[in-house]
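Now for the letters of each chain:
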Amino acid sequence: MALLLAGCATPQVDALLRRRPPDLPAAAASIQVPYFAQKDHQCGPAALAMVLDAAGDSVAPADLVGSVFVPAREGSLPPEMLAAVRRRGRLAVELDPDVGAVLTEVAAGNPVVVLQNLSLPIVPIWHYSVVVGYDLSSKDIFLQSGGQKAASIPLRTFERTWARGRHWAMVALAPGTLPASQQPDQIFAEAVALERVDPVAARRTYRAITLRFPRYPQAWIGLGNTAYAQSDLEESAIAFRRATQLAPDNGDAWNNLATALAALRLPCDALAAARKAVSIGGPHAAEYTKTENEIDASACAR
Amino acid sequence: MQVRKIVAVASCAFLLGTGLPLPAHATLIGSEQLLQGASAARDKIGAFLARAEVRRALVERGVDPTQVRARVAALSDAQARDLAARIDQLPAGGDGVGDVLGVLLLVFVILLITDILGLTKVFPFTRPIHR
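Listed in order, the protein sequences are those of chains F and U. Using the numbering used here, the first residue of the first sequence is number 1, and each one after it goes up by one. Using the numbering used here, the first residue of the second sequence is number 1, and each one after it goes up by one.
FYI, nobody ran anything at the bench for these hints, they're computed from the structure. Glycine included, each C-beta is placed from N, C-alpha and C at the ideal position. Please note that the accuracy of each hint is not assured.
To be verified - Okay, derived cross-link-like pairs now, DSSO-like style, lysine-lysine, Cα gap no bigger than 30 Å in a straight line:
#1 F:Lys290 x U:Lys121
#2 F:Lys149 x F:Lys39
#3 F:Lys276 x U:Lys121
#4 F:Lys276 x F:Lys290
What the hints assert, rightly or not - Calculated from the model, a selection of chain U residues having no Cβ within reach of chain F, i.e. all distances over 10 Å:
#5 Ile45
#6 Leu49
#7 Ala52
#8 Arg56
#9 Leu111
#10 Leu112
#11 Ile116
#12 Thr120
#13 Phe125
What the hints assert, rightly or not - If you want the footprint, here are the derived chain U segments under chain F, 3+ residues with CB under 8 Å:
#14 61-69
#15 82-94
Input sequences plus hints: build the corresponding full structure.
See the structure below:
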């Protein structure tokens, strides 16, 4: 009995309805996303196509099947949903397991992919839906998925099915757009994952992080790295310099600044930065020494 | 000469595909390394092995072998390790809202059978076969 009741509790929605966070609107009108009917077990590709369209990428669900579907599992796995978004040059961000984060994104106009277990744990029916709106006064949330056009269900019912889906949620964002709900560390980690497959899109994301969180040094290093890789040495050096100002004890920032300055043919400035990195040390100390040794410092006073 | 070129291009493509970080410049600390912290070298090897494991596991589970390399390359290191560790425990979203009917039908049939066997008496129209 206790077990049954545990499955019925809706602590997140209860807390939200009792006390709405001041920056969360009471309702968000339905975001327009195209509807795609799903073929067998293809709710993953259908949900992906809906949120990608909202991020400015028109792609048919059938063209996403090869990126996410696992035949033997008759479905799509959450990590691969994120990976598929990156392969389309969009920023994928997994949200905190919190209904407030989901609604914050929806209020900001970002449709959210959620994983629900529509059934009970003993006979799970795993299903991806897209949250497109909500209304706290009527206690409803608006979902659309490969099986159903936008329709409302009670928020508490949603929390139960979502909790059984382990509170998994993600957004897909056009490059340069950031999620409304996450901390800089989380957004930065997702930008790094995007850099693996699309450095140009990642550079725009890093730049957007530096605009929203100008005192967050890692984003400046990411911006410098992607600018450097795209042969924009000047932006790269400016970004690394900013990182060293924000985090004077960050050896990585000094090392990368040294590399960018050396490439700009400023060997004496580069040498000073490299020596700074070496003096800080840390897990990448060997690389710092290598940087220092590679700089042609014959013209500089020692 | 031609052969050597082909080998060079192929090995280059191999390295790119495996997600082994190619040094863009020998002495730039890459963005991914910023996330790794103190155990950088061990993390890198772990993620590299995890990616190989995930590629193998996906092919085993019916994914087109020509697709797996690009799929796995788009995972973050942490996700590659997660997927390698619990590919069969992670939920696979696939079923539609319509499939609920399937479950209901199954429950209905089970109860119908248990009714007929006389184990339950859910439906008014059933008659148990044993008295």
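How the hints compare with the structure:
1. Restraint check for Lys290 (chain F) and Lys121 (chain U): the C-alpha separation of about 80 Å exceeds 30 Å, so the hint is violated.
2. A threshold of 30 Å between alpha carbons decides the hint, and for Lys149 (chain F) with Lys39 (chain F) the separation of about 14 Å falls inside it, so the pair holds.
3. Distance check on the hinted pair: Lys276 (chain F) and Lys121 (chain U) sit about 81 Å apart at the alpha-carbon level, beyond 30 Å; violated.
4. Of the pairs offered as hints, the one joining Lys276 (chain F) and Lys290 (chain F) holds, with about 13 Å between alpha carbons and a cut-off of 30 Å not exceeded.
5. Residue-level check passed: Ile45 (chain U) sits 14 Å from the nearest beta carbon of chain F, beyond 10 Å.
6. Residue placement check: Leu49 (chain U) keeps its beta carbon more than 10 Å from all beta carbons of chain F (closest about 17 Å).
7. Listed as outside the interface, Ala52 (chain U) is consistent with that label: its C-beta sits roughly 16 Å from the nearest C-beta of chain F, beyond the 10 Å cut-off.
8. Its beta-carbon lying about 13 Å from the closest one in chain F, Arg56 (chain U) satisfies the requirement of being farther than 10 Å from that chain.
9. Leu111 (chain U), annotated as away from the interface, keeps every beta carbon of chain F farther than 10 Å; the closest lies near 14 Å.
10. No beta-carbon of chain F comes within 10 Å of the beta-carbon of Leu112 (chain U); the shortest separation is about 17 Å.
11. Its beta-carbon lying about 22 Å from the closest one in chain F, Ile116 (chain U) satisfies the requirement of being farther than 10 Å from that chain.
12. With a least CB separation of 18 Å from chain F, Thr120 (chain U) remains clear of the 10 Å interface cut-off, as annotated.
13. At roughly 25 Å from the closest C-beta of chain F, the C-beta of Phe125 (chain U) stays outside 10 Å, upholding its exclusion from the interface.
14. Counting residues of the stretch 61-69 of chain U whose CB lies closer than 8 Å to any CB of chain F gives 5, which reaches the minimum of 3, so the coverage claim holds.
15. Coverage of the stretch 82-94 of chain U by chain F holds [criterion: at least 3 residues with CB-CB distance below 8 Å; count 9].
Taken one by one, the earlier hints fail for this structure at numbers 1 and 3, listed in ascending order.
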